[in-house]
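Whole structure, please, built from the sequences with the hints as guidance.
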Amino acid sequence: EAQVTQNPRYLITVTGKKLTVTCSQNMNHEYMSWYRQDPGLGLRQIYYSMNVEVTDKGDVPEGYKVSRKEKRNFPLILESPSPNQTSLYFCASSLSGRVRVPNNEQFFGPGTRLTVL
Amino acid sequence: QKEVEQNSGPLSVPEGAIASLNCTYSDRVSQSFFWYRQYSGKSPELIMSIYSNGDKEDGRFTAQLNKASQYVSLLIRDSQPSDSATYLCASKGYGQNFVFGPGTRLSVLP
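Here the protein sequences come in this chain order: P and V.
If you use this note's numbering, the first sequence corresponds to residues 1 to 117, in order.
If you use this note's numbering, the second sequence corresponds to residues 1 to 110, in order.
These are computed hints drawn from the structure, not numbers from a lab.
Since this is a predicted model, take the numbers as computed values, not measurements.
Any given hint could be a false lead.
[To be verified] Computed list of chain P residues with no C-beta within reach of chain V, every gap over 10 Å: (1) L43; (2) P75; (3) T86; (4) Q106.
[What the hints assert, rightly or not] Restricting the straight-line Cα-Cα distance to at most 20 Å, the calculated cross-link-like pairs of lysine to any residue (SDA-like) are: (5) K42(V) / G40(P); (6) K42(V) / T15(P); (7) K71(P) / N97(V); (8) K71(P) / L11(P); (9) K57(P) / G93(V); (10) K71(P) / V54(P); (11) K42(V) / V54(P); (12) K42(V) / Q3(P); (13) K42(V) / R98(P); (14) K69(P) / T20(P); (15) K71(P) / L41(P); (16) K2(V) / R44(P); (17) K42(V) / T5(P); (18) K42(V) / R113(P); (19) K56(V) / N66(V); (20) K42(V) / L41(P); (21) K56(V) / N104(P); (22) K2(V) / L41(P); (23) K65(P) / N104(P); (24) K42(V) / E30(P); (25) K2(V) / D56(P); (26) K2(V) / K67(V); (27) K42(V) / D38(P); (28) K42(V) / P39(P); (29) K42(V) / S87(P); (30) K57(P) / Y94(V); (31) K57(P) / K2(V); (32) K42(V) / T22(P); (33) K2(V) / P61(P); (34) K57(P) / K56(V); (35) K42(V) / P61(P); (36) K2(V) / E62(P); (37) K2(V) / G111(P); (38) K42(V) / F107(P); (39) K65(P) / G111(P); (40) K42(V) / R9(P).
Glycine residues also receive a C-beta, built at the ideal position from the N, C-alpha and C atoms.
Below, the structure is given as structure tokens:
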């Protein structure tokens with residue numbers, strides 16, 4: 001089954017304790033992305049990756065790191081989490097990051113609800 | 001800052017009616033536009049994508065794009081209670097990032 005998986009689905013942690021949220025897709029997609037979703041603010045892009053070893057900042061990259069060593073995986077790293085990073089996080093992938101590519105929808109993972117105390 | 005704006009709602013329509021959802025975007029070079037549906041606590045799922053001016057129909061859904069007015073809309077015909085969800089509008093330009101609106105909450109009343 002074609003899918004995007006994220007782990008963990010729920011996480012409660014404390015300020016400053018490094019954490020990693022994993023994301024994996026099995027569709028051989030080039031483009032992967034991380035979003036956070038907060039009430040009233042919608043989905044905001046944190047980082048994205050056009051392909052292996054190619055990553056770039058989205059609209060809200062502060063406090064986050066990513067890496068893309070393999071095509072299927074795109075982990076999100078919070079080196080020193082703070083309470084303002086409490087949010088619902090989604091990983092997404094699509095065939096390509098180029099515009100006007102047919103069937104280039106983003107597939108979203110199930111989400112990770114993170115609470116930083 | 002590129003922005004996509006939507007009326008947050010809630011938009012309430014009776015079952016069987018047409019629901020009209022609207023979206024405006026600020027980046028004139030945006031090329032691709034997407035409508036996603038998101039049920040509470042779930043991940044977004046794509047309903048329609050549209051790249052060219054005009055209408056695009058898929059079943060009960062019609063997306064409309066007017067690049068001169070920087071306006072995208074989604075019409076849902078014969079609305080069903082199962083259509084009750086938050087609808088997200090997104091745009092993508094020649095840059096590689098997607099920009100999402102805050103979403104419009106739709107409630108279809110039986």
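Hint check:
1. The claim that L43(P) is not at the interface with chain V is violated, since a C-beta of that chain comes within 10 Å of its own (minimum 4 Å).
2. With a least CB separation of 18 Å from chain V, P75(P) remains clear of the 10 Å interface cut-off, as annotated.
3. Against chain V, the non-interface label of T86(P) holds: every CB pair exceeds 10 Å, the least being about 16 Å.
4. The claim that Q106(P) is not at the interface with chain V is violated, since a C-beta of that chain comes within 10 Å of its own (minimum 7 Å).
5. About 16 Å separates the Cα atoms of K42(V) and G40(P), which keeps this hinted pair within 20 Å; it holds.
6. Distance hint between K42(V) and T15(P) is unfulfilled; the C-alpha atoms sit about 27 Å from each other, more than 20 Å.
7. With a C-alpha separation of about 18 Å, the suggested pair K71(P) and N97(V) falls inside the 20 Å cut-off, and the hint holds.
8. With a C-alpha separation of about 25 Å, the suggested pair K71(P) and L11(P) falls outside the 20 Å cut-off, and the hint is violated.
9. Of the pairs offered as hints, the one joining K57(P) and G93(V) holds, with about 15 Å between alpha carbons and a cut-off of 20 Å not exceeded.
10. A distance of roughly 10 Å separates the Cα atoms of K71(P) and V54(P); the hinted pair therefore holds under the 20 Å criterion.
11. Our distance criterion of 20 Å between C-alpha atoms is broken by K42(V) and V54(P), whose separation comes to about 29 Å.
12. Of the pairs offered as hints, the one joining K42(V) and Q3(P) holds, with about 14 Å between alpha carbons and a cut-off of 20 Å not exceeded.
13. In summary, the hint linking K42(V) to R98(P) is not supported, as the alpha carbons are separated by about 27 Å, beyond the 20 Å threshold.
14. The straight-line distance between the Cα atoms of K69(P) and T20(P) is roughly 15 Å, inside the 20 Å bound, and the hint therefore holds.
15. A threshold of 20 Å between alpha carbons decides the hint, and for K71(P) with L41(P) the separation of about 30 Å lies outside it, so the pair is violated.
16. For the suggested pair K2(V) and R44(P), the alpha carbons sit about 11 Å apart, so the restraint of at most 20 Å is met.
17. Of the supplied pair hints, the one linking K42(V) and T5(P) holds, its CA atoms being roughly 13 Å apart against a limit of 20 Å.
18. With a CA separation close to 11 Å, the supplied pair K42(V) and R113(P) stays within the 20 Å bound.
19. Annotation: proposed proximity of K56(V) to N66(V) holds, straight-line Cα distance about 12 Å (limit 20 Å).
20. A C-alpha spacing of about 16 Å is found between K42(V) and L41(P), which places the hinted pair at or below 20 Å, so the restraint holds.
21. Note on K56(V) and N104(P): the hinted pairing holds, with a Cα-Cα distance of about 16 Å set against a maximum of 20 Å.
22. Our distance criterion of 20 Å between C-alpha atoms is met by K2(V) and L41(P), whose separation comes to about 14 Å.
23. Between K65(P) and N104(P), the direct Cα distance comes to roughly 25 Å. Violation of the 20 Å bound is thereby established for this hinted pair.
24. For a cut-off of 20 Å, the pair hint linking K42(V) to E30(P) is broken: about 24 Å separates their Cα positions.
25. Proposed proximity of K2(V) and D56(P) is supported: the alpha carbons are some 16 Å apart, at most 20 Å.
26. Annotation: proposed proximity of K2(V) to K67(V) holds, straight-line Cα distance about 15 Å (limit 20 Å).
27. Taking the CA atoms of K42(V) and D38(P), the gap is near 14 Å; set against the 20 Å cutoff, the hint holds.
28. Taken as a hint, the K42(V) and P39(P) pair is honoured in the structure, with Cα atoms around 14 Å apart against an allowance of 20 Å.
29. A C-alpha spacing of about 14 Å is found between K42(V) and S87(P), which places the hinted pair at or below 20 Å, so the restraint holds.
30. Using a Cα cut-off of 20 Å, the hinted pair K57(P) and Y94(V) holds, with the two alpha carbons roughly 15 Å apart.
31. Restraint check for K57(P) and K2(V): satisfied, since their Cα atoms lie roughly 14 Å apart, inside the 20 Å limit.
32. Taking the CA atoms of K42(V) and T22(P), the gap is near 18 Å; set against the 20 Å cutoff, the hint holds.
33. Proximity of K2(V) to P61(P) is assessed by CA-CA distance (about 16 Å); at most 20 Å being required, the pair is judged to hold.
34. As the CA atoms of K57(P) and K56(V) are separated by approximately 32 Å, the hinted pair breaks the 20 Å bound.
35. At most 20 Å may separate the alpha-carbon atoms for a hinted pair to count; K42(V) and P61(P) exceed this at roughly 23 Å.
36. Using a Cα cut-off of 20 Å, the hinted pair K2(V) and E62(P) holds, with the two alpha carbons roughly 18 Å apart.
37. For a cut-off of 20 Å, the pair hint linking K2(V) to G111(P) is broken: about 25 Å separates their Cα positions.
38. The suggested pairing of K42(V) with F107(P) holds, with an alpha-carbon distance near 13 Å, which does not exceed 20 Å.
39. A threshold of 20 Å between alpha carbons decides the hint, and for K65(P) with G111(P) the separation of about 18 Å falls inside it, so the pair holds.
40. This hinted pair checks out: K42(V) and R9(P) have alpha carbons roughly 12 Å apart, not beyond 20 Å.
When held up to the earlier numbered hints, the structure conflicts with 1, 4, 6, 8, 11, 13, 15, 23, 24, 34, 35 and 37 and fits the remainder.
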